[in-house]
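Chemist: Chains A and B are the protein sequences, given in the same order.
Numbering-wise, my numbering comes out as the position in the first sequence, counting from 1, plus 818.
Numbering-wise, my numbering comes out as the position in the second sequence, counting from 1, plus 16.
Among the hints, erroneous ones may be present.
Said to hold, decoys possible - Restricting the straight-line Cα-Cα distance to at most 30 Å, the calculated cross-link-like pairs of lysine-lysine (DSS-like) are:
| id | chain 1 | residue 1 | chain 2 | residue 2 |
| --- | --- | --- | --- | --- |
| 1 | A | 1094 | A | 1160 |
| 2 | A | 945 | B | 150 |
| 3 | B | 189 | B | 150 |
| 4 | B | 196 | B | 150 |
| 5 | A | 1160 | B | 189 |
| 6 | A | 945 | B | 196 |
| 7 | B | 99 | B | 150 |
| 8 | A | 823 | A | 900 |
| 9 | B | 99 | B | 196 |
To be clear, the hints were calculated from the coordinates, so they are not data collected in a lab.
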Amino acid sequence: MSITKFRTIEGRSPGYLALLGALGALLLAGLGSAWYMEHNGHYVTGMSNQIVWGMPHVFAVFLIVAASGALNAASIGSVFGKLEYKPLAPLSALLAMALLAGGLAVLVLDLGRPDRLIVAMTTYNFKSIFAWNIFLYVGFLAIVAVYLWWMMERRMYRYHRIAGFVAFIWRLTLTTGTGSIFGFLVAREAYDAAVMAPLFIAMSLSFGLAIFILVLDFSCQRTHLPINHEMLQRLARLLAIFIAAVLYFTAVQHLTNLYAAEHQNVEHFILFSGNKYSQLFWIGQVLFGGFIPLLILLHPDYRATRAWVTIASVLVIIGGLCQIYVIIIGGQAYPLEMFPGKEVSSGFFDGEVSTYSATLPEFLLGLGGVALSLLILSLAVRVLPLLPQCLEPPRPAGEETPAS
Amino acid sequence: MSDTKSSTPGAVNENRRRWLQGGAAAAMITVAPGVLLWRSPAAREADQAVTSAVRWGLLIYTSRCEENCSACVDGCNQEHGLKGHGRPQTDAQWIRKITLRDPTSGHVRSLPVMCQHCEHPPCVDVCPTGASFKRADGIVLVDKHICIGCRYCMMACPYKARSFVHEELTDQKPHSPRGKGTVESCTLCVHRIDAGGIPACVEACERTGHQALVFGDLNDPDSLISTKLRELGATQIRDDLGTNPGVYYRGI
Ligand code: SF4
Ligand code: SF4
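Produce the entire structure from the sequences given, and follow the hints as far as they go.
Modeler: What follows is the structure, given as structure tokens:
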């Protein structure tokens, strides 16, 4: 069986070094922010006793959700046997690990006591979906690492599909788990919905693929690897399907909530009140993150050009951040309904819509996580042969490439 | 459970460990109202475990609660050394006064809300480390030594009962350990209960003469709280969520 040849990058060009420098600086800024928040206490952030999860969680959840979706190309190659995706598999697996690492770093650094990470790793409450997620995340890193190794190691190559399959199942579970963090909060009107799990899976596929397309395109450009047209089209079509899926599950999420009487108020708050959250929802998430990239990718001319596919991918990422912001922050801003039907007031902001605006350190911490992911990626392609030498699918003797 | 990195001083740790394990803290408590016949049974001995034979609860008569009285809140703040920094968004609040207005009749009620010491506490279910826990006698607490400050419990609590410590603390009370970066909430004055006393809020309310708060054992059919609940009935906030709070309200 012929195997696609992979290579490392040389990693001496000024462009590469500048990239490392920029990412390193951003990472340091993120670490500095975390230290600042930890040292002074969280009062220096925009978070409060009303909005307990802020911008760092938006970034962390985005990265974690995208991580499992970034594994797509590898899964399609290994699990579904589509040979044309094989050359992309190692990069896709690496990206998945890098994104997860970045997201987890942000999550941990935003804890009130990040120094107690070891407590979180050793003391479990097995009833907590959060504790399960710690398992899922660590397991994901381990499984994808094995998968990557088996893909790249000649002797183990024949087993790599097994690892790929396990990774595929694992990552569906992982995203379900992340979605369930919100789905299990019965007290919060905005979250209490079973559709959160499939919605998060669709989001992960879409965001992860968008990031993957950008990373692939960028590495191909920098390494002068011609990205073939067919491949681009294929990825673009796939992204279009995932965007449509996110739109579909978003519609289900809100329509079912509108139907349930106890959720109507919060739905009205998010969708129609004209506040920051409605704007982010309709303009950021639905229009720029959904319909526009969908139209671009469905258009036969635009879909075929690199520039437009890049634009569509960037829009998906921006829309994704808006979506997670609306879910996390919007869901908390709406007051808890403790006394349905009564007008409520107190010195502790009961009955009031909470306000939140992210401070610079929170942004920098989030961006630091992104920088960490990209730094891991950039360093790994320097030392490990992960980038394909050509994007043509490997052709086993006597076997036709399956039609896509 | 010991954590050398903890910011709380050793004495506090020791004390904390005692009440976490259900040890008596009688020696430290000098509160003796004495006049309250329905008050809790005598203090447990140090080697006596907390038992599920009792379930501590509160009954709140909202009709007796004055709108502009905050004696319970002040009593709590004083007892636990909760001091604001003039930043209401981030300052800790274990008990707060809520004003309810019925939009149709215009009827207004005022009532204190604190941790409801749920029988099925969502905060405990979601806590990844088990720092949030429920004692056998129904009191829900946070173990400050293993709380990592993830705030998931605050997301899960239907009653907004918890606060995150947003900044450095000074002058902590030895019987009420706290720590920057961890989450806390009403302890039902577990240190007083273990010594045979009653919560500070209840005592403060009694002092005003309003008598709006009754503390007692929900499991004891002869306790005042059980008798009154049986006679008069009362509501639990959001009883539709199935948390079965230990705090009951009359008149809402
Ligand atoms: S009121 Fe909130 S903090 Fe208290 S036990 Fe119930 S869920 Fe936990
Ligand atoms: S903040 Fe502390 S008590 Fe609350 S869920 Fe997290 S670890 Fe548990």
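Chemist: None of the hints should be skipped; say for each whether it holds.
Modeler: Taking the hints in turn, this is what the structure says about them:
{"no.": "1", "hint": "A/1094 to A/1160", "result": "25 Å, holds"}
{"no.": "2", "hint": "A/945 to B/150", "result": "14 Å, holds"}
{"no.": "3", "hint": "B/189 to B/150", "result": "22 Å, holds"}
{"no.": "4", "hint": "B/196 to B/150", "result": "22 Å, holds"}
{"no.": "5", "hint": "A/1160 to B/189", "result": "37 Å, violated"}
{"no.": "6", "hint": "A/945 to B/196", "result": "26 Å, holds"}
{"no.": "7", "hint": "B/99 to B/150", "result": "26 Å, holds"}
{"no.": "8", "hint": "A/823 to A/900", "result": "17 Å, holds"}
{"no.": "9", "hint": "B/99 to B/196", "result": "13 Å, holds"}
Taken one by one, the earlier hints fail for this structure only at number 5.
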